[in-house]
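Just so you know, the sequences run in chain order A and B.
Here the working numbering is used: the first residue of the first sequence is 117, the next is one more, and so on.
Here the working numbering is used: the first residue of the second sequence is 117, the next is one more, and so on.
Calculated directly from the structure, the hints in this document are not laboratory data.
Backbone N, C-alpha and C fix where the C-beta goes; we use that ideal spot for every residue, glycine too.
Don't take each hint at face value.
When the alpha-carbon atoms are kept at most 30 Å apart in a straight line, the in silico DSS-like pairs for lysine-lysine are as follows [unchecked claim]:
(1) 128/B to 152/A
(2) 240/B to 128/A
(3) 332/A to 163/B
(4) 240/A to 163/B
(5) 190/A to 199/B
(6) 128/A to 152/B
(7) 332/B to 196/B
(8) 163/A to 240/B
(9) 160/B to 354/B
(10) 152/B to 196/A
(11) 128/A to 128/B
(12) 332/B to 199/B
(13) 354/A to 332/B
(14) 199/A to 190/B
(15) 152/B to 128/B
(16) 199/A to 332/B
(17) 240/A to 196/B
(18) 196/A to 190/B
(19) 240/B to 125/A
Footprint (simulated), chain B over chain A, 3 or more residues, beta carbon under 8 Å [stated by the list, open to error]:
(20) 165 to 173
(21) 200 to 214
(22) 265 to 277
(23) 280 to 291
(24) 325 to 337
Number of protein chains: 2
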Amino acid sequence: MTTWCRFDKDGKTSFGVIEGDTVTAVDGTPFGAHQKTARSYPLKSVKLLIPTEPRTFYCVGVNYTDHVMKMAQKRGQEPKFPKRPDVGYRANNALIAHEENIVKPADAGEEFQYEGELVAVFGKRCRNVSKENALDYVLGWTVGNDVSERGWQASDGTLWRAKNADTFKPMGPWIVTGLDPNAMTTVIRVNGEERDRFRTNGMIFDVPTYISVVSKYCTIEPGDVMWMGTDGLPQNIKPGDSVEIEITGIGVLRNKVIAA
Amino acid sequence: MTTWCRFDKDGKTSFGVIEGDTVTAVDGTPFGAHQKTARSYPLKSVKLLIPTEPRTFYCVGVNYTDHVMKMAQKRGQEPKFPKRPDVGYRANNALIAHEENIVKPADAGEEFQYEGELVAVFGKRCRNVSKENALDYVLGWTVGNDVSERGWQASDGTLWRAKNADTFKPMGPWIVTGLDPNAMTTVIRVNGEERDRFRTNGMIFDVPTYISVVSKYCTIEPGDVMWMGTDGLPQNIKPGDSVEIEITGIGVLRNKVIAA
Chain A
117 MTTWCRFDKD
127 GKTSFGVIEG
137 DTVTAVDGTP
147 FGAHQKTARS
157 YPLKSVKLLI
167 PTEPRTFYCV
177 GVNYTDHVMK
187 MAQKRGQEPK
197 FPKRPDVGYR
207 ANNALIAHEE
217 NIVKPADAGE
227 EFQYEGELVA
237 VFGKRCRNVS
247 KENALDYVLG
257 WTVGNDVSER
267 GWQASDGTLW
277 RAKNADTFKP
287 MGPWIVTGLD
297 PNAMTTVIRV
307 NGEERDRFRT
317 NGMIFDVPTY
327 ISVVSKYCTI
337 EPGDVMWMGT
347 DGLPQNIKPG
357 DSVEIEITGI
367 GVLRNKVIAA
Chain B
117 MTTWCRFDKD
127 GKTSFGVIEG
137 DTVTAVDGTP
147 FGAHQKTARS
157 YPLKSVKLLI
167 PTEPRTFYCV
177 GVNYTDHVMK
187 MAQKRGQEPK
197 FPKRPDVGYR
207 ANNALIAHEE
217 NIVKPADAGE
227 EFQYEGELVA
237 VFGKRCRNVS
247 KENALDYVLG
257 WTVGNDVSER
267 GWQASDGTLW
277 RAKNADTFKP
287 MGPWIVTGLD
297 PNAMTTVIRV
307 NGEERDRFRT
317 NGMIFDVPTY
327 ISVVSKYCTI
337 EPGDVMWMGT
347 DGLPQNIKPG
357 DSVEIEITGI
367 GVLRNKVIAA
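Kindly generate the complete structure, drawing on both the sequences and the hints.
This is how it looks when you write it as structure tokens:
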């Protein structure tokens, strides 16, 4: 089990390995050749960055039964379950790191909500892989918050500003290898108070299924990410709130909401 | 007017400036500091690459009146015109360069079609810009072919494989600066025979409008691209076909279709 991060120290960006409270800079990347350097720092003295800048940012829209049922009930509609593992996308402009601020746009409505998600980070190029071998291509796991403005999600022709406005995609704090996605629980807290808790892999289509199906048509590259969707009925967040998404074995992704 | 390309020569990737039949390698990028080197080559001796690898790949789905009407008629539906300039996205895995092959997947259906599109390539970071100043942030223009599998477009929950399977996004051949998008015509040929011809900027929402609106919520970075949609009723293409998209002042993007 290795904890990989990407960080800035004195204006220099490096990948690093975290052990205890110390981060050791690495030459190279976790996705290719690399070796530890002699540069070690207290973890709290560095600025964590998003742990990867994906070439392609895959994101599963709807992947948990309870989420589908509760969202449909809230909208007064019949629940519609996905028939196939059709992946979606998010946009890199929206990514922010652990402890960076989610900026709520001035014209965003009250239904401005978190979505806590498991994120698979790919370590190897992946094309046409079987479900059985799919997890061999995952370097490790991180946490994502798929921040969503429900008014725009309903009104717009696409998800561009509802889910991809600047700062709407917190991801981090780091990547942990060697974890079992079947043994994870996702817990979401707002201002320290628990709002949601769900079994992370209680998915309609699981991670190996998504990877196998997507890789039949699309080459997934090292450093790419796949966000796996959320469960439950996400609640509103507002400027001043602190949102924490914790997933077993990975850690806590924390971001404060501020007004634009 | 400058013609920028990105190319490979003897395993080395560089940006370059094309003058006549010669490409001169440039140190740096067209999006920042750069200077010409002493390395010049005959254009036909280098391999052209996609002219930029965007951090975020914006793409307008529906942006021409005639396209909306003809597609609706074909599907036996009422035409639905976009109410707002809601931008969409495409995925970097799908990008290929001029003269690279579009690979038709084995299970793709007969309605496998081209869409010829103008592409704006951004040269400066762009956030919250007015419509009047929007084009100042565009470095130049290139050509895109938004290859689409209509069966998957109708059946799937997202556009992932219908429009983003590997090789479905030819872009190039290069970027030309200093052009007027209002003075362009797009011509599409299959095997040398003209299939479509339309005024490139006969758009429902024009390029400055899209840039201004998107930049209110999203920071557009140098090297990002915005594909502007297609007009007309695209036709089927099949393995063996050669597809050319020509836009006035930019040139011809040519790709052959092959079977997987």
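Hint-by-hint comparison with the structure:
| no. | hint | verdict |
| --- | --- | --- |
| 1 | 128/B to 152/A | holds, 28 Å |
| 2 | 240/B to 128/A | holds, 23 Å |
| 3 | 332/A to 163/B | holds, 27 Å |
| 4 | 240/A to 163/B | holds, 26 Å |
| 5 | 190/A to 199/B | holds, 26 Å |
| 6 | 128/A to 152/B | holds, 28 Å |
| 7 | 332/B to 196/B | holds, 25 Å |
| 8 | 163/A to 240/B | holds, 26 Å |
| 9 | 160/B to 354/B | holds, 27 Å |
| 10 | 152/B to 196/A | violated, 57 Å |
| 11 | 128/A to 128/B | holds, 26 Å |
| 12 | 332/B to 199/B | holds, 17 Å |
| 13 | 354/A to 332/B | holds, 20 Å |
| 14 | 199/A to 190/B | holds, 26 Å |
| 15 | 152/B to 128/B | holds, 16 Å |
| 16 | 199/A to 332/B | violated, 35 Å |
| 17 | 240/A to 196/B | violated, 42 Å |
| 18 | 196/A to 190/B | holds, 27 Å |
| 19 | 240/B to 125/A | holds, 26 Å |
| 20 | 165 to 173 | holds (count 3) |
| 21 | 200 to 214 | holds (count 9) |
| 22 | 265 to 277 | holds (count 5) |
| 23 | 280 to 291 | holds (count 3) |
| 24 | 325 to 337 | holds (count 6) |
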